[in-house]
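In order, the protein sequences belong to chains A and B.
At position 90 of the first sequence the residue is numbered 90 (the numbering used here), and the sequence of numbers has no breaks.
At position 257 of the second sequence the residue is numbered 1257 (the numbering used here), and the sequence of numbers has no breaks.
No lab work stands behind these hints: they were computed from the structure.
Just so you know, not all the hints are guaranteed correct.
Chain A is faced by these chain B residues, among others (derived, beta-carbon under 7 Å) [to be verified]:
no.	residue
1	L1016
2	P1031
3	F1036
4	G1100
5	A1197
6	L1272
7	F1273
8	I1277
Far from chain B, by Cβ distances over 10 Å, these chain A residues were calculated [unchecked claim]:
no.	residue
9	C23
10	I50
11	T142
12	D165
13	D224
Here chain A is said to cover these stretches of chain B; the calculated rule only asks that three of the stretch's residues, wherever they fall, bring their Cβ under 8 Å from a Cβ of chain A [claimed, not checked]:
no.	segment
14	1081-1095
15	1103-1110
16	1131-1140
17	1152-1162
18	1168-1177
19	1227-1237
20	1249-1256
For every residue, glycine included, the Cβ atom is placed at its ideal position computed from N, Cα and C.
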Amino acid sequence: MTATTARRLNAIGLIITVITVFCAIIWAFPLYWAVVSSLKPEHEVVRPYIELWPETFTVSHYVFALTETEIGRWYVNSILTAIAVTVLTVSSSLFCGYAISQLNFPLRNVLWWLILASFMVPVQTLIVNHFELVAGLGLINTWSGIVLPQLIHPVIIIVYKQFFDGVPKDFREAAVMDNASEWRILTKVYIPMNWGVTTALSIVCFIWSWNSFLWPFLAVTKTDMMTITVGITQVNDAFGVYYARQLTAAVLAGLPVAMAYLIFQRRVTEAITLSAGIKG
Amino acid sequence: MMLRNRRNEALFALALVAPFVAIYGLVFVYPTIRLFMISLTDAPLIGDGNFVGFDNYARLPSDRRFGTAVWNTAYFVLITVVPGTLVAFAIALGVNRLAGRLQAAILALFFLPYILPVSVVYLLWDWTLNFQFGIAMYLFDMLGIARIPVFKSTAWFMPAVGIITIWWTAGFSILLFLAGLRTIPTEIYEAAALDNAGRWSTFRRITWPLMWPITALVLTIQLISQLKIFDQVYLFSVGGRPNDNVVLVYYVFQRAFQSDQGGRAAAVAVVLFVIVIVVSVLNFQLTRLSGGRDR
């Protein structure tokens, strides 16, 4: 390769890098724009030209949202239901994945095939029947009602099974020889081995649940039982036609998951690639 | 002794699977069976109805709104799946060239939208494309294009929601492509460089063929998730023209929750159910035939 072609290739490389960085900034601009607008007074927000930086900073919309609206209550609903979904889904999937991978019991293969098959079923098509079920149990407008139909995440159990499959059989046999109880083998050997996966799956499960819209939207009709993702789109009169207030609500709803991602970036990435069936 | 151990093992295993099986039976197996049963009745949203055979299905072909829903869903799939995958692939190629902190920062900018709830995405873009004050409209003004009431116009609705969906979900596909790009050994590129291969032929002969399995995976995941679209279409339609923008899940919602016709809603749901299963199975068979990865 001659020196000139090498230099030309480098120049092209540099251009591609610049384009990538430029596109990233454009890509994230709507996020920036929402945050900035939420920090402007309403009269600045509706000025007929583009101002990338507020003339006067104000947190009054945040104060308003947190004190005058039901957002605080929606936060509580979102946090509690997302934690319940995460704990129930991850723990039941962990136990079941371990049993299918490591233990012998009747109908094991049937159960595994059922789980694999359910992976394909679109949960959205079950809304009518979920509503019938939850209404039948008298759980409309309750936390349990929001949680129940969200507990179907076959992908989590599939990831767990694959991980336990990767553990050599000698581990269990050695522990059985030592007369360790089944419960001890699970809690002292297998679960600690997988803390990384468990953390990663728990974080994304929490994010999925926080973000879910369709079911919480159907399961709740009273404003004080709404999750934040439903509330901010359903209760417009709480914010009036003030654009800055609506954007403030959006920022408040997105903040917890955005923070969770930025703090646990590596774990989130790991869990998402795992859930798509790519081994990390 | 051995026998007792084996029995203990089975009992312990059953205790471990019990919570999962109970949850699954209640919120998955039972509702799925009920879905098919109800679709054969004239049941309201809650409560039983009379058995009507396949009447609910028989009326679908002449149901105009069902036709609109099928068309819109197909249209949405068409404008999001392949374009979205290509955009994500291009971004992944760009991000993959970067290194260290710069790469992490740029990846975060592209990925952040994916982590946000749909309602935040809705409020953000409803604001950005606001007819009166949206920043996009100022851009239109500067470029001399007439302003468009994007979400109130039938022609613009689906393309706009499609672009927003690509913006929202690309982060996921980008991650998968990056994971794939990282598995290509650098030796191959070094060998290509020694052979004086240009940038384009390196991409066409090395990167693209090696990335094909991941591309197929991304396409499948995209296809299946876009068939099930509801949230964005519903949110952006409020105050607009929901009956023109209706997609399959939206139609299920309308029949069940707005017209109180559980049976007819279930029949529509079954159609979507079958489409998704057929697509999944076909894809599974295709990847197995082509010797690709299975999931």
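Okay, the hints, checked on the actual structure:
{"no.": "1", "hint": "L1016", "in the structure": "holds, 4 Å"}
{"no.": "2", "hint": "P1031", "in the structure": "holds, 4 Å"}
{"no.": "3", "hint": "F1036", "in the structure": "violated, 10 Å"}
{"no.": "4", "hint": "G1100", "in the structure": "violated, 13 Å"}
{"no.": "5", "hint": "A1197", "in the structure": "violated, 10 Å"}
{"no.": "6", "hint": "L1272", "in the structure": "holds, 5 Å"}
{"no.": "7", "hint": "F1273", "in the structure": "holds, 4 Å"}
{"no.": "8", "hint": "I1277", "in the structure": "holds, 5 Å"}
{"no.": "9", "hint": "C23", "in the structure": "violated, 7 Å"}
{"no.": "10", "hint": "I50", "in the structure": "violated, 6 Å"}
{"no.": "11", "hint": "T142", "in the structure": "holds, 15 Å"}
{"no.": "12", "hint": "D165", "in the structure": "holds, 14 Å"}
{"no.": "13", "hint": "D224", "in the structure": "holds, 18 Å"}
{"no.": "14", "hint": "1081-1095", "in the structure": "holds (count 3)"}
{"no.": "15", "hint": "1103-1110", "in the structure": "holds (count 5)"}
{"no.": "16", "hint": "1131-1140", "in the structure": "holds (count 4)"}
{"no.": "17", "hint": "1152-1162", "in the structure": "violated (count 0)"}
{"no.": "18", "hint": "1168-1177", "in the structure": "holds (count 3)"}
{"no.": "19", "hint": "1227-1237", "in the structure": "holds (count 5)"}
{"no.": "20", "hint": "1249-1256", "in the structure": "holds (count 4)"}
Of the numbered hints listed earlier, those contradicted by the structure are 3, 4, 5, 9, 10, 17.
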